[in-house]
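K.L.:
Read off the chains here:
Number of protein chains: 4
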Amino acid sequence: MNVAIIGASGYTGLELIKILLTHPKFNIVYIANSTGEENVQELHPCLDGVTNIEVSKANAKDVSKVASLAFLALPHKTSMSFAKELLDLGIKVVDLSADYRLELETYEKHYCEHEDKDHIEESVYGLPEYFKEDIKKSNLVANPGCYPTASLLALLPFIDYIQEGTPIFIDAKSGVSGAGKKLSELTHFVNLNENCLAYNPFNHRHMPEIEEKIRVLKDKKFQINFVPHLIPVSRGMLVSVFATLKDEVDVEKILENRYLDNEFVRIRKTPVDVKSVAGTNYCDIFVARNGKALFINSSIDNLLRGASSQAVVNANIMCGFEEYEGIPKIAYVP
Amino acid sequence: MNVAIIGASGYTGLELIKILLTHPKFNIVYIANSTGEENVQELHPCLDGVTNIEVSKANAKDVSKVASLAFLALPHKTSMSFAKELLDLGIKVVDLSADYRLELETYEKHYCEHEDKDHIEESVYGLPEYFKEDIKKSNLVANPGCYPTASLLALLPFIDYIQEGTPIFIDAKSGVSGAGKKLSELTHFVNLNENCLAYNPFNHRHMPEIEEKIRVLKDKKFQINFVPHLIPVSRGMLVSVFATLKDEVDVEKILENRYLDNEFVRIRKTPVDVKSVAGTNYCDIFVARNGKALFINSSIDNLLRGASSQAVVNANIMCGFEEYEGIPKIAYVP
Amino acid sequence: MNVAIIGASGYTGLELIKILLTHPKFNIVYIANSTGEENVQELHPCLDGVTNIEVSKANAKDVSKVASLAFLALPHKTSMSFAKELLDLGIKVVDLSADYRLELETYEKHYCEHEDKDHIEESVYGLPEYFKEDIKKSNLVANPGCYPTASLLALLPFIDYIQEGTPIFIDAKSGVSGAGKKLSELTHFVNLNENCLAYNPFNHRHMPEIEEKIRVLKDKKFQINFVPHLIPVSRGMLVSVFATLKDEVDVEKILENRYLDNEFVRIRKTPVDVKSVAGTNYCDIFVARNGKALFINSSIDNLLRGASSQAVVNANIMCGFEEYEGIPKIAYVP
Amino acid sequence: MNVAIIGASGYTGLELIKILLTHPKFNIVYIANSTGEENVQELHPCLDGVTNIEVSKANAKDVSKVASLAFLALPHKTSMSFAKELLDLGIKVVDLSADYRLELETYEKHYCEHEDKDHIEESVYGLPEYFKEDIKKSNLVANPGCYPTASLLALLPFIDYIQEGTPIFIDAKSGVSGAGKKLSELTHFVNLNENCLAYNPFNHRHMPEIEEKIRVLKDKKFQINFVPHLIPVSRGMLVSVFATLKDEVDVEKILENRYLDNEFVRIRKTPVDVKSVAGTNYCDIFVARNGKALFINSSIDNLLRGASSQAVVNANIMCGFEEYEGIPKIAYVP
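Chains as they are written, first to last, in the working numbering: chain A, 1 to 334; chain B, 1 to 334; chain C, 1 to 334; chain D, 1 to 334.
Hints were generated in silico from the structure; no laboratory data involved. Check before you lean on any hint, since a few could be wrong.
Said to hold, decoys possible - Mimicking DSBU-like on lysine-lysine, the simulated pairs with C-alpha atoms at most 35 Å apart in a straight line are:
hint : chain 1 : residue 1 : chain 2 : residue 2
1    : A       : K292      : B       : K77
2    : B       : K136      : D       : K269
3    : A       : K269      : B       : K292
4    : D       : K65       : D       : K25
5    : A       : K132      : C       : K329
6    : A       : K65       : A       : K117
7    : A       : K246      : B       : K221
8    : A       : K292      : A       : K137
9    : B       : K25       : D       : K25
10   : B       : K117      : B       : K246
11   : B       : K253      : A       : K292
12   : D       : K269      : D       : K246
13   : C       : K109      : D       : K253
14   : A       : K329      : C       : K109
15   : A       : K253      : B       : K220
16   : B       : K246      : A       : K253
17   : C       : K181      : A       : K181
18   : A       : K136      : A       : K292
19   : A       : K109      : A       : K25
As the list claims (entries may be wrong) - Going by beta-carbon spacing under 8 Å, a handful of chain D positions derived as facing chain C:
hint : residue
20   : K275
21   : N297
22   : K329
Unchecked claim - Covered stretches of chain C (chain D as the covering partner; in silico rule of three or more C-beta atoms under 8 Å from a C-beta of chain D):
hint : stretch
23   : 161 to 171
24   : 189 to 196
25   : 230 to 238
26   : 290 to 296
Predicted model only: the values in this text are computed from it and were never measured. Every residue gets a Cβ at the ideal spot worked out from N, C-alpha and C, and that includes glycine.
Could you build the full structure based on these sequences and the hints that come with them?
P.N.:
Shown next, in the form of C-alpha cells:
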C-alpha cells in the first residue's frame with residue numbers, strides 16, 4: 001500500500017521515514033515538507049545511502065494521485081487544513097498533531113478555532129489498546145500526544161479503583177527531542193546538560209487531553225494535575241502517576257489482566273527505565289502500592305510510541321494489517 | 001577553631017575539605033579515612049597543588065588532641081562508634097550519617113541496633129531553618145539526608161494547610177553522586193546515560209525520616225509516599241511534592257513569609273532547576289496550585305545542601321559563628 | 001542457515017542477537033554464555049517480549065549438532081579454545097576476540113601464548129573492504145578491533161601517498177560501551193560524565209594490529225602512534241588520523257575512488273560525526289589537507305561496525321550471501 | 001582597586017563576576033552590557049541572593065569615573081572601540097576578545113580591519129607563564145584564546161626539541177560552553193548529546209594565533225595543523241599535541257623543569273582529564289614519547305584558564321598583586 005509522509009523535516013517525520021523504509025506492507029511514495037527545497041540527505045544526513053526519495057513541497061492533490069494513506073507530522077493548525085483536503089480526496093489520514101485529538105470545545109479552549117469541524121467528530125483517538133475497534137473503521141485517526149500515551153496506558157486500568165474526588169498527580173520526565181528541533185534557550189546544550197527542571201506545571205495542553213479521554217472512556221471526571229519535566233536525555237519518557245485507591249487492591253493483578261493480550265505493553269516487576277524502551281513501540285509499566293497510595297510508572301520512547309511508531313500501528317489497524325507489522329521492538333540498548 | 005574530617009575518601013568528605021580549606025573561621029588540622037594509607041592527592045587528584053594535609057588512619061583520641069569539632073562523613077553504624085568516643089572526649093560532632101537523625105525506635109526499625117543510646121536522645125536534627133536554636137546549644141548535630149532536606153524545606157511551610165488524612169506524594173530526582181563512589185550496575189556510565197528510572201519506590205530509608213520530622217515539628221501524622229529517581233546528572237537534586245490542600249490558599253505568600261529571614265532558601269517565580277543551585281548551599285523553592293492540588297518544587301546540590309555545606313552551616317551555628325560564614329553561594333553555572 | 005552465538009552476556013553478544021533476530025538468511029538456534037543459568041530476559045531485559053530463546057552453557061559439541069556457523073563474542077584466550085573445537089567439528093567461525101587477528105609472533109608479544117597455532121595461519125582478517133575474496137573462502141574470520149576498523153578504513157587509501165619515515169598519529173575517541181560491561185572506576189558515571197581523557201597512550205593493543213595490517217596489505221612499515229580517549233557517550237567512535245603527505249595530492253578524489261563500490265563506507269563533504277553512524281554498519285570518512293599535512297576523520301558505531309554488524313557482514317560473505325543482507329543502515333538519530 | 005566588567009551577559013562575563021565577587025583586592029564597581037535593560041539576576045538567575053549590582057549600558061566615560069581597570073568580555077571588533085576609548089582615558093584594560101592578540105597583519109588577514117592601530121603594538125599577550133615581565137608593565141593585556149592557552153602551554157617547552165620542517169598536529173576537544181550562549185544547530189542538546197565531531201579543521205582562527213606566538217617567542221616557524229572538536233560536555237577542554245622530536249630526549253624532565261615555578265601548571269604522571277581542572281585556573285599537562293613521536297596532553301577549564309580566571313591573573317600582575325590572589329584552585333569534582 002502506497003503511503004505519503006507530510007512534514008518530513010522534523011524528528012517525528014524522520015522516525016516515520018525510518019520505520020516505513022523497512023515496513024513489509026507500506027511503501028513510501030511521497031515525502032513532503034513546507035518548501036520542497038532540500039533533498040532528503042540534506043534534511044537528515046543519516047539517510048545518506050539509505051534512501052534517495054525526492055522531497056516535494058506539500059500538496060494534497062499530488063498525494064491523492066499516488067497514495068492511499070497519509071501521515072501528517074505537522075504543527076497543529078497547519079495539520080487540519082491538509083487533513084481536510086486529503087479526506088475530501090478519499091485519502092486515509094493518520095494525524096500526529098493535536099488537531100483531531102480533542103472534542104471541539106476542549107480543542108478550541110486550549111488551542112485555537114477549529115477549521116475542520118466536519119471531520120473532528122468522526123476522528124478516532126489512536127490509542128490502540130483502547131480504541132482498536134474504532135480505528136479499524138476509521139479514515140481519520142488522531143495520534144495521541146506523547147505524555148497522554150504514557151499517562152493513559154498507566155492510569156486507565158486503575159481508574160475504577162481510584163477514590164473519586166481525590167486528585168491524580170502525574171510527574172512526567174521527557175527527553176529533549178520532545179521539544180522538537182526548534183532552537184530555544186531551553187534546548188541549548190549548556191542549559192540542559194547536568195540539569196533537570198519542570199515546565200508549565202499544571203498548565204500543559206496534554207493535561208486536558210488526559211482528562212478528556214478518562215471521561216470519554218470511563219465516564220468519570222478526575223482532576224489530573226500534570227507536571228512535565230525535562231531531563232538531559234535525547235529520547236525517552238518516564239511517567240510517574242500518583243493516586244489514592246478506594247481499597248487496598250492487588251494492583252499487579254489488575255495491571256496484568258488488563259494488558260494480557262496487548263503485546264506492546266510490557267508489565268515489569270521492577271521500576272521501568274527509559275533505556276529498555278528507547279527505539280521501540282513498547283510501553284513498559286510497573287505498579288506499587290503503599291496502603292491506599294498508588295504509584296504507576298510507565299516508560300515509552302517519546303518519538304516512537306509517543307508519536308511515529310504508534311502512528312504506524314494505527315495505520316496497520318486502519319488497513320487491516322496485523323498491529324505489529326513493521327513495528328520496532330528491539331531497543332537501542334546499550 | 002581547629003576541626004577534623006573523618007571519612008575523607010568519599011564525595012562528602014571531599015566536599016567538606018573543599019569548603020573548609022577556604023573557611024574564614026575553621027582550620028582543618030586532621031583528616032582521616034579507614035586506612036590512612038594514601039595521601040590526599042591520591043584520594044582526590046584534583047587537590048594536587050591545593051593542599052598537602054596528611055591523611056591519618058581514623059582515631060578518636062588523636063582527634064581530641066588537636067581539634068574541638070569533628071565532621072563524620074562515614075557510613076551509618078561506623079559513624080556512631082566514632083561519635084560516641086569523640087563526644088565522651090569532649091569534641092563537638094557533626095555527623096553526616098543517618099546514625100543520630102531518627103528517634104531510637106524509628107532508627108532500629110529501618111537501620112540496625114543502635115550502639116550509642118546515650119547520645120541519640122541529645123542529638124539535634126541539623127536542618128537550620130527549623131532547629132537553629134537547638135543546634136546552637138548542641139554538641140551533636142545529625143545532618144539530615146539529602147532527600148529529607150529538599151523535601152522538608154519544601155513541605156513544612158504547607159503542613160498546616162494540607163488536608164489531614166490525604167496522602168502526600170514526593171517524586172524526587174537525584175544526580176548519581178548521591179549513590180556514592182561505590183561501583184554498581186546502576187552507576188555504570190552506559191546504564192545511566194540516556195536513562196532515567198525510579199528505585200526503591202515507597203521503600204527508601206529517607207521516607208520515615210521525613211514522616212518523623214513532620215510529626216516532631218508539627219505534631220501531625222501524614223503518610224509520606226516517597227519515590228526517588230536517578231537522572232543522568234552528576235550532582236544536584238530536584239524534588240516535586242504533591243499534596244491536597246484544605247482550602248485554595250495563597251501558596252506563594254505562605255512560602256515567602258516562612259523563609260523571609262532565611263538567606264539560604266530562595267523563593268522562585270518559575271520552576272526551579274538543578275543547575276542554579278549546584279555548587280551552593282541554596283535550596284530554591286517554587287510553588288503552584290491547581291484548585292486544591294498543590295505542587296511544591298525544590299532543588300538543592302545533593303552533596304552540599306544535602307550533605308557537606310549544610311554540615312558546615314550547622315558547625316557555624318554550634319560554634320557561635322554567622323550561619324553563612326564560608327558557605328558556598330556561587331553556582332557552578334554554566 | 002542455522003547459527004550460534006557464544007558469549008551472549010556482553011554488549012557485542014546482545015548486538016549480535018539484535019541483528020540476527022531480523023536477518024533474512026540466518027536463524028539463531030543456539031545462544032550460550034559461561035553459566036547458562038539466566039534466561040535471555042534476565043541477561044538483557046530489553047529483549048523481554050522480543051525473544052524467548054534458551055541460553056545454554058557454552059559447549060562446542062552441542063553447537064555442532066544444530067548450527068553451521070558460530071559467532072564467538074568471548075574474551076581473548078577463552079575464544080581460541082572454543083574456536084579450535086568448533087573448527088575441528090566443521091563449524092564456520094567468526095571470532096570477535098583478538099585471538100586470530102594477528103600473526104603468531106605479534107599476538108604472543110602483546111597478548112599471551114597462543115593455544116591454537118594450527119588455525120591462526122588460516123584465519124582471515126575480517127575487514128570486508130580489503131579482504132573480501134579471502135573471506136569468501138575462509139572458515140575462520142577474525143573480526144577486527146573497533147579502533148583498527150575505523151583507523152584502517154581511514155588510513156589505507158592514503159598509505160601510498162604518505163611520506164615514508166614520518167610518524168602517523170591517531171587520536172581516537174570512543175564511547176564508553178567500548179570498555180565493556182565490567183565495573184571499573186573509569187566507567188563510573190560520575191567519573192566520566194562531564195569528562196574526557198586519554199588512556200594507554202602509545203600503549204594500546206590495537207596499535208600493533210593497525211601496524212601489522214598496513215604492513216601485510218601495503219608492504220610498508222609505518223610507526224603508528226595511537227592515543228585512545230574516552231568521551232562521555234555510550235556508543236560511537238570518532239577517529240582523527242594525522243600524517244604527512246609526499247605531495248599535495250587531491251585527497252578527496254583518492255578517497256572517493258577507493259570506496260566507489262563499498263556501500264558501507266560513506267564519503268562526507270564535512271567532518272563526520274558519531275551520531276550519524278550510531279546504530280549502523282556505516283563507516284563515514286572525511287578528509288582534509290593543509291599543504292602536506294593530512295587529516296583523515298572517520299566515525300563508526302563501535303559495537304556494530306566495530307564488532308557485531310561487521311561480524312555479520314563477514315558471515316554473509318563466508319556463506320555466499322549479499323554483503324548487506326540484514327545489516328543495519330538506519331541510524332538511531334535523533 | 002575598583003574594576004569594571006563590560007560584557008556581563010555572556011559566559012565569560014558571568015565567570016568574571018563570580019571570581020571578582022570574592023577577590024581580596026579587586027572590587028567590582030561597574031557592570032555593563034549592550035543594553036543595560038536587565039538586572040543581574042535576570043541575566044544570570046544563579047546570582048539571585050549573591051549580588052545586586054546594577055547593570056549599566058556600556059559607556060567608557062562612566063567607567064573612567066569609578067574604576068581603574070576594565071575587563072572587556074566583548075565580541076571582537078566591538079572590543080577594540082571600547083578599549084581604545086578606555087585606554088585614552090587612562091584605564092588599564094584586560095581584553096578577552098581577539099582584538100589585541102595578534103600582530104596587525106595577522107589580525108587583519110583572519111579577522112577584519114583593525115580600528116585601533118595605535119594600541120595594538122603596545123598590547124601584551126596575556127599568557128602569564130611566558131609574558132609575566134611584559135604584563136607587569138602593560139596597560140593593555142590581550143587575554144589568549146582558550147585553544148591557544150592549552151596548546152601553547154603544552155607545546156612551548158618542547159619547541160626547541162621538535163624537528164624543524166615537520167608538521168605539528170593539534171587535536172583539541174572543547175566543551176560546548178566554548179561556543180558561547182548563542183543558539184545554533186550545533187549547540188542544540190539533541191544534536192550534541194551522544195555525539196562528537198570536528199569543526200573547522202585546519203581552518204580555525206586560533207591556528208594562526210598559536211603559530212604567531214611560537215614564532216614570536218621562539219623565533220621558529222612551524223606549521224600548526226589544528227583540528228578542534230566538540231564533545232558533549234558543558235565546560236572543559238582537552239588538547240592532544242602530536243609532533244616529531246629531533247632526538248629521544250627525556251620529555252618528562254623537560255616539562256617539569258620548565259614549569260617548576262609556575263603554580264598554575266600541574267605536571268601529571270598519567271593522562272590528564274577535564275574534570276580535575278574544571279572550576280579552576282590550572283592547566284594540567286602530561287607528556288609521553290614513542291621513539292621520536294611526541295604526545296603532549298593538556299587540560300584546562302575553557303571559561304576560566306581559557307578566559308576569565310586567566311584574565312584576573314593578568315590583572316593581578318598588572319596591578320602588582322600576587323598572581324594567585326583570588327584565583328580559583330578548587331575543582332568542581334565530582
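K.L.:
Taking each numbered hint in turn, which are not upheld by the structure, reported in ascending numerical order?
P.N.:
2, 8, 10, 14, 18, 19, 22
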